[in-house]
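A.B. asks: Sequence:
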Amino acid sequence: MKLTKLTTLIAALGVGFILSNPVTAQAATITYQADFAPFLPPVFNANDTFDLGFQIHDPQRPKPIVIRKIRYHVLKITPDAIIKISIPLYFVNLSLDSSSNFTSPSVPAPPDGIDLTLSGLGGAAITNSFIPSNFGITRSDVLAGNLSFELETDGLVSGDGVVASLRLNGSSIGSLVAEPIPEPSTMIGIGTVLGFSVLFKRKLKAYQAV
1 MKLTKLTTLI
11 AALGVGFILS
21 NPVTAQAATI
31 TYQADFAPFL
41 PPVFNANDTF
51 DLGFQIHDPQ
61 RPKPIVIRKI
71 RYHVLKITPD
81 AIIKISIPLY
91 FVNLSLDSSS
101 NFTSPSVPAP
111 PDGIDLTLSG
121 LGGAAITNSF
131 IPSNFGITRS
141 DVLAGNLSFE
151 LETDGLVSGD
161 GVVASLRLNG
171 SSIGSLVAEP
181 IPEPSTMIGI
191 GTVLGFSVLF
201 KRKLKAYQAV
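Letter by letter, the sequence shown follows residues 1 to 210 in this note's numbering.
Everything labelled a hint here was simulated from the structure, so no lab data went into it. Treat the hints loosely; a few may be bogus.
[As the list claims (entries may be wrong)] Computed Cβ-Cβ distance ranges for the label pairs, DEER-style: (1) Ile82 to Pro42: 35 to 45 Å; (2) Leu121 to Ile85: 31 to 41 Å; (3) Gly136 to Asp97: 16 to 26 Å; (4) Asp80 to Ser104: 33 to 43 Å; (5) Thr78 to Pro111: 20 to 30 Å.
Just so you know, these numbers come straight off a predicted model, no measurement behind them. We put the CB at the ideal spot given by N, CA and C, even for glycine.
Let the sequences and hints guide you as you build the complete structure.
C.D. replies: Below is the structure:
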């Protein structure tokens, strides 16, 4: 993918950073983590709802992409401590060929997170919505809103990847592109293959799963 095209995509999605980790791209999975707190609005309204969206990065690639251990938790500051609040997740909207073992609240999510397989052209999925006040969360006490997931790399080629987004009232407020195998086409692209990072706005992390 040409850098100009990639930059346009970033601007359109509000993407903070392109994640690539060529050192660990040959592993069975790569774990990605992102803090979406910088993209949150200055205040939460009473009826604000949040959810998470996932989509195949290149809609023309029909290969299935498997994501495991999807988790989202909020770090809340109190006068006495920092509290980690896990948000229960399941999928309420899946594209035709996509699937998950967690599509109902009656199937509780395991502690290590839920799974998702995106398949078909433009494969996509959206989680259940959640209201911060239902978890005792106000905007002023949010320290971080962390999304983490494992992306299986087996069978992926250059350009394969997934877009993960935090959505407010049905619209994306922040996204990341997780591409374990980059496509170098410029000196900056070559730099990512050599282990450098292409920084656009916000820093997200990719690290080897343990």
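A.B. asks: Hints first: check each against the structure and report whether it holds.
C.D. replies: Outcome of the hint check:
1. For the pair isoleucine 82 and proline 42, the beta carbons lie near 21 Å from each other, so the given range of 35 to 45 Å is not met.
2. In this structure the supplied range 31 to 41 Å holds for leucine 121 paired with isoleucine 85, their Cβ-Cβ distance being about 36 Å.
3. Remark: the range hint 16 to 26 Å for glycine 136 to aspartate 97 is contradicted by a beta-carbon distance near 38 Å.
4. Checked against the hint of 33 to 43 Å, the pair aspartate 80 and serine 104 passes, with Cβ atoms roughly 36 Å apart.
5. In this structure the hint that threonine 78 and proline 111 lie 20 to 30 Å apart at CB holds, the actual value being about 23 Å.
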